[in-house]
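Please assemble the complex out of the two chains, which come individually in their own frames, going by the hints.
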Amino acid sequence: MRDSVLIVDLNNYSYEIEQRPDLFEKWIGGTGVAVQLLKEYIDPKADPLSGDNVIVFATGPFTPAYPLASKTVAMFKSPLTGNLGESHAGGRTATSIANAGYGAIVIKGESKKPVYLVIENEKVYFRDGRVIWGIPDSLIVGRIIAENEPGRGIRTMMRIGGAGEKLVRYACVTTETYRHFGRLGLGAVFGSKKLKALIIRGRKKYTPVDPKKFREVYDEIYRTAIESDAMKKYHLLGTASNVIPLNELNSLPTRNLQSARFEKADEISGEALAEYSLGRRIACSHCPVACIHLATLRIPYENEPYFFKTIMISYDYELIYSLGSMLGVGSRDGLLRLIHRVESYGLDAMSTGVCLAWATEALARGIVSEKETLVKLSFGDVESYLKAIDYIYEQPNEFYRHLAMGVEHASGIYGGKEFALAFGGNEMPGYHTGHATYLGYATGLRHSHLDSAGYSLDQKVKEMTPEEAVDRLIAEECWRQILSSLVVCFFARGIYTADLISRAFEPLGVEITEEELKKKGEEIYREKLKLKIDMGFNPENLTFPKRIFEVKSLHGTLNEEFIRKAKDYYVKKVKEIVG
Amino acid sequence: MKQLVVKDIEKCVGCGLCMYACSRKSAKTPEIGNSKSGILAVSLSGFERGATVIFCRACKEPPCAQVCPTGALKPKKGGGVVYIENLCLGCKYCMDACTLNAIFEREDGKIAVCIHCGYCANYCPHGVLAYEEVKA
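Protein sequence lines, in the order shown, are assigned to chains A and B. Counted the way the numbering used here counts, the first sequence spans residues 813 to 1391. Counted the way the numbering used here counts, the second sequence spans residues 4 to 139.
Chain B with its partners taken away, still in its complex shape (with noise of 0.2 Å):
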């Protein structure tokens, strides 16, 4: 299966730009903001000490999902999570529950969560990100 990776980290600028791919992502409702997306370009306490970016690394056991009252989360096959919309309450359980902080707020009190489509590879201009096979 294919799933978002970090080809080099260190090459990130902090740019964004994938969080802003992540908010277009969809065709037919491409949003302009940041309200839904799932990843996040941040530097490292100062752009002095360079920047990274947080998003689901599609754990094999996700911890949000267990966690997730509702089961708008569940666990997808080979590892991280599908996220059904209609059955999130917004409790944020799970953004308590992943240890990386990669899940987020939306603007509308629901998450948004990386669902490895790999749209926000196309956008990144330093090759940090790529959309690739991995070993299940």
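Isolated chain A (complex conformation) (with noise of 0.2 Å):
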């Protein structure tokens, strides 16, 4: 197991390696090692945009001896919420680190000038970014490096486009051109820290204790993956899968969630991406599924016949949601064009749909004006779109600065907050299931659809106590901690069961049951919780906007009663939890 830690500090230039099987043997590695790293390192009460913020990129025991144990995590203090930020990605950013040497990296303080990192093996190299700062679109980018650096096949390249660099509050870190660290606004604390590329490249190896047993438990795994039906969701649509079935359900954010139906979902589902769009499907490193879907998508040149330009765009089910039905954009092409736009500058595609569908509401009913908006924005016009997001990049006046500050904040401002559809300063996901998703996104502890899973309880369950739904949730949640600490790709947790991953560490020399392993979860959770509170998190300041109560879910009008319930309930169990 990988027990180094890489801290690189950006304020002079310097970095040291430490070994700490302490950290690995008691929290397993990616969340539960990155919750003890950021609090080792950072100030709670740091500004998320200052040199005090602090990143950590961690692995787990997993990688890379294990298929689909493909991702990373990346901790630090949210620009977006002020809160604690967690987003994961996958590419190559796992093996590459582990290969590299190490179980985590830190990074702590901020470069004066603009500088990318290369990280080799032992040796970590800052290098000048002068001549790259300033080029707003992350794809040139990564070209760019690509061209300078070596490592090809092995390296991760994680980046910033211009929203990064102008510190919009939910700028993504991209890698490998398609995969990102979206959440949460980790692009403009890279931004913050004039950090403008991190690239990770080695080639070190190391051995299981149980050679033969580490085989075997490698074959099971890799033979449930291509061979069950466990992944099969992902192999085929992927996860545009759901556009169609969340529709019938009544739980499609459309519009600014002024309805749950999409009468155009049809048009950008998965199923019609897969039969007019796709053009091509790769995989994160060592995982077999390559559930990432490139559309193509052929343009003609504005002035000259017979010229196109055809580019490759990765879309999910949660862009779809966010830049389609959200924004009434029924059009597949217009559709991929702003995903693309949304991809040049490095956006998290939730946050600038979510933000830009308040936007065009808000103008509709004259809280704002065209003098703040600058383009007619309204549901389906995906010429406008385009133009907005490029203002949320360039910030040409107040308005847009305060939209590049998220939602919440800039209803904060204009008004228009019944209908700013936020959880904990961060935009929503897409699914519009019922009380379990909307409490799952307020309570979980990176204020995602992933964290609880509340939109598959709504699915699965139709009765339940508010109680229940949360006391569900937190179960969930606390048994996801060990999964992103593993780090295992979520999509392969049906694969990754207890008894799996207990059988899975043996041959690798640690010896934990499946009992301890949940308690260990239970930790994990308890540990996070406590941080984030430390950085102000209070639940008793969760709201839930009125928006959510207006439209008819899978589970009819929700009830502001069940919510309010829930919540106290949620109040009553943090206490319990953190003592």
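The reader is advised that the hints may include incorrect statements.
[What the hints assert, rightly or not] With a cut-off of at most 25 Å between alpha-carbon atoms, the simulated BS3-like pairs for lysine-lysine come out as follows:
no.	chain 1	residue 1	chain 2	residue 2
1	A	K1024	B	K31
2	A	K1364	A	K1076
3	A	K1385	A	K1274
4	A	K1274	A	K1377
5	B	K31	A	K1025
6	B	K14	A	K1121
7	B	K31	A	K1017
8	B	K95	A	K1017
9	A	K935	B	K113
No wet-lab data here; the hints were simulated from the structure.
So this is what it looks like as structure tokens:
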């Protein structure tokens, strides 16, 4: 197991490597270790956009031992919520960090001038980043660095686009062109540190303690991944397969959630994208699934006949929701162009879509005027949205400066909070399934639908009390701390059961029972919750925008009383848990 | 004789399972990582253009063996090379000599090269690689 931690200090361009078996033995890796490292290195009151913020990247003990353990956890203080930020990405991030010899990397301080970092095994190179600073397109930045740096095939290349440089609070960090530390503004944290990119490469190894068993468990995981139904959904249409079922369940947020059914859902469904646009599929490193779906978009030159540009655009359910149905965009090409624009600047697609959806409704209601929005935003109007995305990056006026700080912030300035769809300061994901999903967005420690899968609970269980809902969400989130500490892809959660995890640890020289794993999940949850509270999280302050109670969901019209009771119960639970 | 062959390079998704399989290929001393791997999955200047795999194509007259000063790399009957690790200085002349860049540096400074054992083909989930008889 990897227990080396690299600590990079941008204040004085120095670094050190520490062996921390204590951390990895007790807290596994990923989320578990990142929480502890962040606690060690950050002042919880730190300004997220100052040199006092700290970024931790952590991988787990199964990387690169087993397939599907292909994710990295990033932890930092979020400039979007002002609280704990945690974001996960695949690509080659995890395998490259592990093959360079590290369990985790800590980046602290801030550079005076733009730099990019290259980590190669035990060495760190601080490269002059002035020439690539100011290039707004993260795809171009990637190509330039690729030409200059070795490590083809074994390197990860995290970078920011213009949005990160301009400190858009929901700027992402892009890696391997199409994967992202998407949520909660890691891109702005990079930007504030004048860190344009981070390249990691290495060719290291370690050995299992039980070679025979190691190969047996590996084969079992591999066979399950390619032969069973556990990952079929991701094999075929990808996450975009959710569009039609969610639409039929009254659960697809549409036009800033003025509706939960989109009449053009068929046009932007996983099925339609596969039939008309899917051009290629690719995989994260050490994952056989290849769930990354790339659409081909052919765009004619504006003024020249018979000239075309052909671009590949990665799509997933959340992007189809946030830049499609949420904005009333039902044309596939229009949707793909919006995704491409967001990808170029390195913006989080979900936050961008929700911010623009709010702005569109705010304009229609006269809360803001075209003087603020500069373009006549209206649902379905792709050209206006393309322009507005440029403005979020450029921030040419007061309005876009506020919009670049998130929908909760912008609605705090201009009004319209009742239809500003953020939870804990984070713009909502695309599931209007019922009470549990919203409770999950609010109480999840990342305010992510993947924290506790409320959307799934809503679909599985017809009737539950507010208390049951909260208990089940917390229990699921506790277990997922194990998955995100290992760090295995959440899409592989059906494969990595407690039993398998316990058996997979054995040949690596770690004995841990299923019961112990579950207990550890609860401990990691508690540690993370405590860190959140230290950073100012108060569950009593959680709010739920009125809009969610106005639109019929899978569970009919949602009940404010249910949510109030659940929140009260959650407040009580938090006190119990942290003691 | 059997060799590792590419069936359809356009199907490669760049997952790199072959690379990790290569590291695991020794039943007695499997490794976790990529140090010893003689095969590499890469993107084609960014994943928008797809991916490919790089490994020894079993040349009939392998330049790598010709430049090896110690005989650590020896031409194999039917093409390709055998690698005698104990003789390897780690000079890496072979890496320069290979037109495909299909020889890699290990963590300990020696080299990793595909010996056409075919183990990785069992782990290629998308039918890019196969291990099969080729005409000598």
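Hints versus structure:
1. With a C-alpha separation of about 7 Å, the suggested pair A:K1024 and B:K31 falls inside the 25 Å cut-off, and the hint holds.
2. With a CA separation close to 18 Å, the supplied pair A:K1364 and A:K1076 stays within the 25 Å bound.
3. This hinted pair checks out: A:K1385 and A:K1274 have alpha carbons roughly 23 Å apart, not beyond 25 Å.
4. Between A:K1274 and A:K1377 the alpha-carbon distance is near 18 Å, which keeps this suggested pair within the 25 Å criterion.
5. At roughly 11 Å between alpha-carbon atoms, B:K31 and A:K1025 fall within 25 Å of each other, so this suggested pair holds.
6. With a C-alpha separation of about 23 Å, the suggested pairing of B:K14 with A:K1121 holds against the 25 Å cut-off.
7. Note on B:K31 and A:K1017: the hinted pairing holds, with a Cα-Cα distance of about 15 Å set against a maximum of 25 Å.
8. Between B:K95 and A:K1017 the alpha-carbon distance is near 20 Å, which keeps this suggested pair within the 25 Å criterion.
9. Taking the CA atoms of A:K935 and B:K113, the gap is about 19 Å. The hint holds against a cut of 25 Å.
Violation of the numbered hints given earlier is absent; every hint is satisfied by the structure.
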